[in-house]
Structures are given as structure tokens and as C-alpha cells.
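Participant: This is what each chain is made of:
2 protein chains.
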Amino acid sequence: MGVETLLDAVKFDADGLVPAIAQQHDTGEVLMVAWMNRDAIAETLATGRVCYWSRSRKSLWRKGETSGQAQTLVALRLDCDGDTLLLLVEQAGVACHTGRRSCFYREWQAGELAVIAAPEVSEEALYGKPS
Amino acid sequence: MGVETLLDAVKFDADGLVPAIAQQHDTGEVLMVAWMNRDAIAETLATGRVCYWSRSRKSLWRKGETSGQAQTLVALRLDCDGDTLLLLVEQAGVACHTGRRSCFYREWQAGELAVIAAPEVSEEALYGKPS
Numbered sequence: 001m002g003v004e005t006l007l008d009a010v011k012f013d014a015d016g017l018v019p020a021i022a023q024q025h026d027t028g029e030v031l032m033v034a035w036m037n038r039d040a041i042a043e044t045l046a047t048g049r050v051c052y053w054s055r056s057r058k059s060l061w062r063k064g065e066t067s068g069q070a071q072t073l074v075a076l077r078l079d080c081d082g083d084t085l086l087l088l089v090e091q092a093g094v095a096c097h098t099g100r101r102s103c104f105y106r107e108w109q110a111g112e113l114a115v116i117a118a119p120e121v122s123e124e125a126l127y128g129k130p131s
Numbered sequence: 001m002g003v004e005t006l007l008d009a010v011k012f013d014a015d016g017l018v019p020a021i022a023q024q025h026d027t028g029e030v031l032m033v034a035w036m037n038r039d040a041i042a043e044t045l046a047t048g049r050v051c052y053w054s055r056s057r058k059s060l061w062r063k064g065e066t067s068g069q070a071q072t073l074v075a076l077r078l079d080c081d082g083d084t085l086l087l088l089v090e091q092a093g094v095a096c097h098t099g100r101r102s103c104f105y106r107e108w109q110a111g112e113l114a115v116i117a118a119p120e121v122s123e124e125a126l127y128g129k130p131s
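Here the protein sequences come in this chain order: D and H.
When the letters of the first sequence are read in order and numbered with the working numbering, they come out as residues 1 to 131.
When the letters of the second sequence are read in order and numbered with the working numbering, they come out as residues 1 to 131.
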């Protein structure tokens, strides 16, 4: 059976999108959350490289296309009510546009949002612009 | 500073909600995704027990109130653009209403959605109704 079987099981929202969690497959680290539409899911499964839908640019977003920080798909899972995807990935380098491994680098501690991870690379190195 | 500092940093959607990923703090297992509003976040931080917002019931949803499968908050993290929460939790029993540990129990394998985890408890045991 083809990818249509999967797409039929996904409950897309009114904009035709579904949130996708990217998790590093071996360490379990939650890296980021982004959105996928039908085309992004189909392309990801066809190529093995994770492709999202950029809501701001309104176009397919091949993760790492600009920065080189691509995600190779290891497994794709769907939750019980079909409205969230979990992508197990091999993350090349960092996932966050700030140069941090994970986008979840702020933690509520003692009444303030503490920064719990430092950038591993500069935004300039990722995108060729000053950070 | 109080919880208002955190709430001001969260970008709630048009319905006043933000998605929250629950992850078992020590194993890294992604358990479920649900929604929180300002009151749910404030109650969770005040009590240390995770409280979501039920979109279907339009009320606060104290996870485990019916089933006993509560989540104790270990840490609350916010992503780079402020529109997704990551809750590190200690999950009592199972997270999924189907009796499975995680809601992400279906995986796309060889052209079909394979069920990769069995229920650990019956829905009847969780909710007092036939499964």
C-alpha cells in the first residue's frame, strides 16, 4: 500500500497541517516541533529526509537545505487520535535556528526562564548572516 | 517573579492555547501531546501535577483525575519561538487512553501503520467501562 494509507489516517487541521515532533532517535532528545502537510509527509517518506511545511514562507521546508542541518528519517509514528506525528530522526548538527541542539533550551526554574543550553554554532555559520 | 513572567513568554494561539508535549523525564519516551491554556499552566506549576485544557470538554483536564494515571511535573521547557511547551514528567502508569504507555503506538512500516505497542491495562480498568 502507498502513502495514501497513512495520509488517510492523519487528521489534518483546517489549514491542512499536522504538528510533527522531531526526536533524536537514539538519545530521545526532543529537538523541535514543526508542521507538515500532505506533500511534506509524502516527500519525507519518499526521500528519507525530513521536509516540513513552513507556515511563514507558505512553502515546503526541506530541513537543512540552507543550514546543512538536515534530518534523516528513522521512523514516523502517529498518535492515538491521529493529529500529531512523532518523527524519530538522525539530526545532523543542531536543530534550532539559534545554533542550539534543541529548540527547547529555556526551562522554568525558580520563577524565571533559565537558558539551559548554549549555541553550538553561530547563526552566521548556519545561515551566512550575523548572529 | 511569578508565573506571569512565563505566561508572557508563551505565544498562545487564537484560542488561547499552546500545545504541550509530555515526555517521561528519565527514559526520554514521548508520551502524548495535549493543550494548555494560561490557567492550566498556572495550576500545573502551582500543584506540580500536570493539568491540560480539554478542547472537547472545554474545561481543565487534570491528567489522571479519572484514570489515576497522573503526571508529576519534573520540568517545563519552552521552545525558541515560544509556541510549544515540553513537559518532563513522571508518568504514573500509562499515558494513553487506550491503555498503552505512549499515544504514539502506530508506526509507518513497509506501507502500513503497524501497531508497535500493546495495551498494558484495559480501558475498563482505567475508566470503568468496557474496552
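Everything labelled a hint here was simulated from the structure, so no lab data went into it.
Treat the hints with caution; some may be incorrect.
[Said to hold, decoys possible] Below, in silico cross-link-like pairs of lysine-lysine (DSSO-like), each with a Cα-Cα straight-line distance of 27 Å or less: (1) H/Lys11 x D/Lys11; (2) D/Lys11 x H/Lys58; (3) H/Lys11 x D/Lys58; (4) D/Lys58 x D/Lys11; (5) H/Lys58 x H/Lys11.
Participant: So which of the earlier hints does this model not fit?
Facilitator: No numbers; nothing is violated.
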